[in-house]
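Engineer: Construct the entire structure; sequences and hints are all you get.
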Amino acid sequence: MTDFSIRSLRSSLPGLLLQGVLLLGLWSGAARAEVISRTESRAIQAAVQRQFDAFERDDAAAAFAIASTATRAQFGSAEKFMLIVKEQYRAVYRHRIAFFAVAERIEGAVLQTVRLTDADDRVWEAVYQLQREADGQWHIVGCQLVETKNVST
Numbered sequence: 001m002t003d004f005s006i007r008s009l010r011s012s013l014p015g016l017l018l019q020g021v022l023l024l025g026l027w028s029g030a031a032r033a034e035v036i037s038r039t040e041s042r043a044i045q046a047a048v049q050r051q052f053d054a055f056e057r058d059d060a061a062a063a064f065a066i067a068s069t070a071t072r073a074q075f076g077s078a079e080k081f082m083l084i085v086k087e088q089y090r091a092v093y094r095h096r097i098a099f100f101a102v103a104e105r106i107e108g109a110v111l112q113t114v115r116l117t118d119a120d121d122r123v124w125e126a127v128y129q130l131q132r133e134a135d136g137q138w139h140i141v142g143c144q145l146v147e148t149k150n151v152s153t
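Residue numbers (our numbering): 1 to 153.
Keep in mind that a hint or two might mislead.
Think about it this way: if two alpha-carbon atoms lie no more than 25 Å apart in a straight line, the pair counts; the simulated SDA-like pairs of lysine to any residue are [claimed, not checked]:
| hint | residue 1 | residue 2 |
| --- | --- | --- |
| 1 | 149 | 125 |
| 2 | 80 | 137 |
| 3 | 86 | 56 |
| 4 | 80 | 131 |
| 5 | 80 | 118 |
| 6 | 149 | 90 |
| 7 | 149 | 127 |
| 8 | 86 | 76 |
| 9 | 86 | 105 |
If you're looking for bench data, these hints aren't it; they were derived computationally from the structure.
Structural biologist: Right under this line is the structure:
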């Protein structure tokens, strides 16, 4: 499992616990998911898709701009961000197929799950946390990437 999700919380034990609770709740169904409007869900998916498009063009600046303010501060530069994505998030950086699930709000966190199929036909679940920032746009806080045993569709 690769992890840079909820980067701003990573340095604290409570943050790590919250991250685990969010993901455990998401996978187990234990946490209560709130409905997100269709318009909002489309905007959330569009933010993730814009980052995918930027990765495809190798446009580090555009991909980095979609990251949240806190995430950009943590990485420091678009080049460093892109290097980490290329090395640790290969399925996000270069995938053949992407299927978006419905965005959900769980325990206050906005999550977008995307099923990715990589060049080797391995299937991954990418769970993005997003937040709306002062500019009114959705920005990616982080991504939890897990390889699945499921068959590509």
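Engineer: Indicate, hint by hint, whether the structure satisfies it.
Structural biologist: Hints, one by one, checked against the model:
1. 149 with 125: Holds: residue 149 and residue 125 sit about 10 Å apart, inside 25 Å.
2. 80 with 137: Status holds; Cα separation ~23 Å.
3. 86 with 56: Holds. Residue 86 to residue 56 sits at ~11 Å (cutoff 25 Å).
4. 80 with 131: Holds. Residue 80 to residue 131 sits at ~22 Å (cutoff 25 Å).
5. 80 with 118: At roughly 22 Å apart (the allowed maximum being 25 Å), residue 118 and residue 80 satisfy the hint.
6. 149 with 90: Cα-Cα ~17 Å, so holds.
7. 149 with 127: This hinted pair holds, its Cα atoms lying about 16 Å apart.
8. 86 with 76: 16 Å, holds
9. 86 with 105: Outside the cut-off at roughly 28 Å; violated.
When held up to the earlier numbered hints, the structure conflicts with hint 9 and nothing else.
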